[in-house]
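Undergrad: The chain contents come next:
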Amino acid sequence: MIKLLASRTFFQGVLIINSLIVLLPVFFLINSSLRESNEFARTPFALARDPFWENYQRVWSEGEFGSYFINSLIITGGSLILILILALGAGFVLGRYSFKGNNIIFAFILTGMLVPAKLAILPLFIQLKWMNLLDSRLGLILVYTSAALPAAIFIMSGFFKSLPTDLDNAARIDGASEFKLLSKVLVPLVRPGMAIVAIYSAIPIWNDFFLPLVFLQSPEKKTLMQGLTVFFGQYASQWGVLFAGLCLAALPLVVLYLILSEQFIKGLTAGAVKG
Amino acid sequence: MSSALRREQNRTTGTLLIPALAVIIIFTTVPALTTLSYAFFSWDGFQRSTFAGFENFQKLFAYPYLDQLLAALRHNTIAFVVIMTFQTSLGLLFAYAMFRVKRGLRFYRVVVFLPVIFSLVVVGYLWQSLLDPYYGPINQIITGIGLPEFAKPWLGDTSTALPTLMFINLWRWVGFPAIVFLAGLNAINSEYIEAARIDGASEGQIFRKIIFPLLAPSLTIITVLTFIGAYEWFDLPFVIGGSNGSPAGATDTLALMFYRLSFGSIDSGANNVGVGSALGVLIFTLVGLGAAFGSALLRRREVEQ
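In the order they appear, the protein sequences are chains A and B.
Going by my numbering, the first sequence opens with residue 1, and the numbers climb by one from there.
Going by my numbering, the second sequence opens with residue 1001, and the numbers climb by one from there.
Looking at chain B on its own, in the form it has when it is part of the complex (with noise of 0.2 Å):
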């Protein structure tokens, strides 16, 4: 490469990339990287006062904020195994299914995706206005096939607030993990199903031997982002039972916790950005510890094709 050409490229580079760096770490490197140096100091408002060592991280593990803590980390808990359990195998039989039919698939394809598009407040208002009391369709349904006493209030009932979040959540999602484990399938190499089915192979052990083993990767992205998605779910909890996790905390969560430390809340009053903040850090280190670990796990099990 002449000297002129490589002097052309070096301010090429300078001027194009920078711009692109400088955005990315004002906005996102800076302050995540402060959220850390938060956790360590006490706060009065949003003004820093003195350096507080572990003090935060003291006060998270004690009276009252354990309490929410724990009950915050078995909802995200109970979320993440059972989105991983239902969510996922859904995705993947409709996945499948997709793979299988020759009729309609395009016209499928739209559909299975389509809630995954809409903003995650519509989605809430939709359902807590399918699944009211009084108006709602699907109590009048429930009711109208001869079952009234399985006609509840879903969303205002401590004991189906949380499940009945999870159902909305995996009519959402259902389509993200389908389309990942629809690409997964299409990058196989049909001549090792093509093989199989000449040798005899019936289809369900085509599925076990070789689809399935081979979807491995598909398998580990969704399990990472299941995680990652369960252990930070805020949106949908907080459009529907507010930042206080509504009925009676059933279904709060760490980063419903996490908002409310952060900016305070009618019920639990002023903010405390330092424990806030030790939570966001107890929080990252979970995800990132977890994903990280969990996709190492995984990929040992992913063969080559």
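This is chain A alone, in the form it adopts within the complex (with noise of 0.2 Å):
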């Protein structure tokens, strides 16, 4: 028993440890973004006791920033949509129906997951030049859809799988169409999946700085992550201002798994668990 409690200690111990090494940077950060930028240079670990706001109006008003941040939400936002609508009829038909080629397809769409969407970067490039969606949001949109799509196919059929199939019939017999079946009776029952697949969907997304860096050009089209790294060379050694750019960058998923980490977690394992 006193080993028992002993080790319990231990490992108590290890996830404080393990707390403070995630937290503390973390608190770095937030800290620094709320002190004047000379300040942090003579004393960067003295606390913002006096928080000065004015980095986060200068990094709002000052440089692109805005534009960036509502990019970042056009782009992660227009591909969610684009995801859930498809792969919820996707995982629909291929998880309820059984049908010649269901399996096919089903393995064709899992080999999505293992193809490296950066190494097929030059092809890409020179198909989204020709089909005139280069620089253009639609065209970063249409690649990242297709980058998620076979993990979101792959997790919505499994919910749909799990669903009796007597309310497919009940539904029939009351005259439904298959799609008001899906629109109706199907997707409510398959909510907790179309979050997961959200939140699975737009951490990569909202991430990203190296696609935008390869397909966006024009200034105004920029997203966020891309942006931030013209912002630290114009920024250079305006500590506050930098901390305050990276503090708001962070802050959208912060938020979002701070609301829905449960779910968060749940999605980043279900699928890897099972594959």
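Since the hints were derived computationally from the structure, they do not count as laboratory data.
These numbers were taken from a predicted model, which means no experiment stands behind them.
Don't take every hint at face value.
As the list claims (entries may be wrong) - Here are some, though not all, of the chain A residues that point toward chain B, as calculated from beta-carbon distances under 8 Å:
(1) L15
(2) F92
(3) S146
(4) V254
(5) Y257
Don't be surprised by glycine CBs; every beta carbon is placed ideally from N, CA and C.
Hints in hand, dock the two standalone chains.
TA: The following block contains the structure:
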């Protein structure tokens, strides 16, 4: 019993130390974003007793930060809507209908999870140029959708499969069409799956800087993570402003994460553990 | 099933499945297959010229690319071994600790995973400032505790840049194996553990003989994903060391070299799409074969519950 208690204390200690290693840099980031740059350079550790909100005002008003932020919202939001609509449809068909070729199509979609998008970047670049989708938010949305769809369909079809088939038959007897069955009966029941897909897809899209770097050239179309790299050259050594920019860039996902952390964690493990 | 329903289902299948398939084929499958073909042509900028056979591969394995290729491959391999050893064992330790403690579990679970949702751009800049040789708090702490000789330009010194990069990678990623292992631990039937405890087995024995073997599926996933991640390592080295793997190529990776060859860079000059695509094919083959072979090998030692 004493041994069991001792090991509990040890594990508590391990987790407390890890929490500090995670949270101290994050605290340093937030604290420094609320301090005046010169003051920070003199005493990097002092607490921001009197929050210097001007850093945030400057980030938002001086550069293109606001427009980068809105572009990222448009691109992430647009991709999420498209991913959800397409994954709902494909997941419904693959998860609930049995037809010839069902398994082959499912296997084909899964191979899409293995293709690293980065290595196909050149043909994609030339193809987008040819399709007139280079330097376009829509082009980027389509590429992100394509990259996220295989995992999204995999997750959604699993949710559709888990619902009892009686539901379908009852709805059909009541005269519902297949579309009505999907939209009125089944969609409300697979909402948890949709939350997982949305979160699972939003993280890499919001955080990505590589595809915008290659595909978007117009300054007014740039995304936040891509824009941050410019921003860092501009505000070199203006620490407070830089830290405020980093905080603002991380904020949307952190808020989403804190609200939906249970689903976040479930979503990242559901696909992985079965795989 | 009535034929009217069958007809309706066929129509529904078409309307709902074809758009999704079309997006995947156009924006994933076709570009991936086209990369293959690019490696067999010579290129003038982004203009394809003549069929080149294996010439691009021969160039890749000769001066001046071979030295870069071998250095990058070495860095990727070090990254795989080190990340696999430290990140995975720490992830397992955190997972097992969360499995054992009762108090604070929800808090730890949220915190341990938090860095994984941060953009690597944010993580990269945050750690660059933490490690700044002049203003950075880390060197100030090291000097403050009386070890000024250990205060270094961690990311600027060729001997410490790669290890530092791997440490930052660990800070950002360790929550991922931790959560996957935690899910694996929670899936273990607790009766096995209770029975062993009643029979007088120590916690250490229970971990070695019951828990660890049953975690094999999680370990397979983490190993394969770590392998893929390590050999396609790009974002963090790019944010911190730029496309040339500064300082002096100490943090160069295969994916950075691929990027330079594809788009050119200030130091290495114009791009070479043919050689770049040959490298792309090489990386894809390496990662694909490694992942397939590794998962087949690891699956064999998984046990059924």
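Undergrad: Would the stated hint for Y257/A survive a check requiring a Cβ distance to chain B of less than 8 Å?
TA: For Y257/A, the interface hint holds, since the closest Cβ of chain B sits about 5 Å away, which is under 8 Å.
Undergrad: Using 8 Å as the Cβ threshold, decide whether V254/A counts as touching chain B.
TA: 7 Å, holds
Undergrad: Does the interface hint hold: is F92/A within less than 8 Å of chain B, judged Cβ to Cβ?
TA: Holds, because the Cβ-Cβ distance from F92/A to chain B comes to roughly 6 Å (cut-off 8 Å).
Undergrad: Does the nearest C-beta of chain B fall within a distance shorter than 8 Å of the C-beta of L15/A?
TA: 5 Å, holds
Undergrad: Under the criterion of a CB-CB separation shorter than 8 Å, is S146/A in contact with chain B as hinted?
TA: 3 Å, holds
Checked against the numbered hints above, the structure violates none of them.
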